[in-house]
Amino acid sequence: MTSALAAESLGRRYRRDVWGLRECTIQVPAGRVVALVGPNGSGKTTLLNMAAGLLAPSTGTVQVVGASPQKRLDRIGYVAQDAPLWPRLRVEDVIEIGRCLNPLFDARMALDRIRQLGIPTRARVNSISGGQRAQVALTLVLAKHPDLMLLDEPMANLDPLARREFLTSMFASCMDTGTAVLFSSHVVAELERICDYLIVLRRGRVSLAGDVDELRRTHRVVTGPIGWRSSDSRRVINEWSGGGRTNALVRSGSSPSTGPGLEEAAPTFDELVLGYLEEDEPARQEALT
Amino acid sequence: MFRIDTGSGVPVYRQLIQQVRRDVMLGRVHPGDQLPSLKEVVEALAINPNTVVKAYGELEHEGLVVRRQGVGTFISPTVPALPLASPPGLLNSLLRWIRRAEAAGMSTEQIRALVDVALDEDFEDESPLTHDGGVA
Numbered sequence: 094m095t096s097a098l099a100a101e102s103l104g105r106r107y108r109r110d111v112w113g114l115r116e117c118t119i120q121v122p123a124g125r126v127v128a129l130v131g132p133n134g135s136g137k138t139t140l141l142n143m144a145a146g147l148l149a150p151s152t153g154t155v156q157v158v159g160a161s162p163q164k165r166l167d168r169i170g171y172v173a174q175d176a177p178l179w180p181r182l183r184v185e186d187v188i189e190i191g192r193c194l195n196p197l198f199d200a201r202m203a204l205d206r207i208r209q210l211g212i213p214t215r216a217r218v219n220s221i222s223g224g225q226r227a228q229v230a231l232t233l234v235l236a237k238h239p240d241l242m243l244l245d246e247p248m249a250n251l252d253p254l255a256r257r258e259f260l261t262s263m264f265a266s267c268m269d270t271g272t273a274v275l276f277s278s279h280v281v282a283e284l285e286r287i288c289d290y291l292i293v294l295r296r297g298r299v300s301l302a303g304d305v306d307e308l309r310r311t312h313r314v315v316t317g318p319i320g321w322r323s324s325d326s327r328r329v330i331n332e333w334s335g336g337g338r339t340n341a342l343v344r345s346g347s348s349p350s351t352g353p354g355l356e357e358a359a360p361t362f363d364e365l366v367l368g369y370l371e372e373d374e375p376a377r378q379e380a381l382t
Numbered sequence: 018m019f020r021i022d023t024g025s026g027v028p029v030y031r032q033l034i035q036q037v038r039r040d041v042m043l044g045r046v047h048p049g050d051q052l053p054s055l056k057e058v059v060e061a062l063a064i065n066p067n068t069v070v071k072a073y074g075e076l077e078h079e080g081l082v083v084r085r086q087g088v089g090t091f092i093s094p095t096v097p098a099l100p101l102a103s104p105p106g107l108l109n110s111l112l113r114w115i116r117r118a119e120a121a122g123m124s125t126e127q128i129r130a131l132v133d134v135a136l137d138e139d140f141e142d143e144s145p146l147t148h149d150g151g152v153a
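Chains as they are written, first to last, in our numbering: chain P, 94 to 382; chain Z, 18 to 153.
Be careful, since some hints might not be right.
[Unchecked claim] Okay, the calculated bits of chain Z under chain P, using three or more residues with CB under 8 Å as the criterion:
#, region
1, 25 to 32
2, 52 to 63
[What the hints assert, rightly or not] Have a look at the derived ranges for each label pair, beta carbon to beta carbon:
#, chain 1, residue 1, chain 2, residue 2, range
3, Z, GLU138, P, ARG109, 47 to 53 Å
4, Z, ASP137, P, ARG257, 27 to 33 Å
5, Z, ALA120, P, GLU371, 40 to 46 Å
6, P, GLU307, Z, GLU77, 28 to 34 Å
FYI, nobody ran anything at the bench for these hints, they're computed from the structure. Virtual Cβ for every residue (Gly too), placed ideally from N, Cα, C.
Modelling step: build the complete structure from the supplied sequences, incorporating the hints.
As structure tokens, this is what we get:
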């Protein structure tokens, strides 16, 4: 099956020697919900902008459902950070613009949805709440019935109730249309229930990408006495201390790491994500090799 | 309906599977009972639909539920009425195992911890069919 999104050695250079993203090779299967995680400046927005066709790659290629993003604009729904909409326009006018600009736009569905959410269609965009604004932006995207939704921190600034409404709307579209979603987020704690595929970016490079359950199967957290160091050949991703023990996130291999006082368990979702977010910190790298 | 505990270390789809299994074992649901629909679960818990599909798919693979196209997902009519007692050797082998653990000087707490460790290990196991026989 054609990937919803496929990047091959994708890179973007902003100035000489300043790369927003480099050597990014990923495949997002159709219908998956993908979390894009990384610190500020790690390349999340750069990747999303290139996938949306808003930014030209410096190296490599990116494809959406087997063609360049420019050829798939009507199949892509993109909500940029803070859901930017023309503030002085009325909600119904925003929907009308969506209808005029997109041949496949489902204006009836969009208006029904807005009414269902209790958002006044005559209100101006700058007079509704942040949560409602995010919902209007999401509605514009959902009404395209896109193959790929790109959401840049869609739930920042939303209260828990609005987040929940946002998520259930997003998931409904996944179920109805088979839309794949790529969304960036800083809030690791809530990702576990949202995503089934994970991409971790660090300093403009992909440090982890894959199916979440598969990643949890192929990693282990080994716990040992304070100061314990892994000596086996399996690669240690990260280590940390807590509760009088030293823990290490490792890639699992053929040989189990048994030893006096060592315990092994599957990583929790947070251990996996945080482990890769902290990978290759210079101070730690020395201690681990 | 299901309850989800994120951060527990148990993947969400596993939690769904465990809860259906537990409900069947404890007689809270019966053969023929309908499971909540995909839409209902997603709406109630705000979780990824793929997770629910995966859980229901695995339950179907195990023979615990059956899917009827366009109707819904039901507890399988062939599900043993009281699986707690059903594989007769299972409880006995568990009792033997517990006696061995006690003879080795383990406390109830330690035995429970060991069972937890074994279950944590087990959820990694890709083959769901080995799940029920794990104790023997």
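Original post:
Against the structure shown, which of the earlier numbered hints fail to hold, in ascending order?
Top reply: Going through the list in order, the structure violates hint 6 alone and respects the others.
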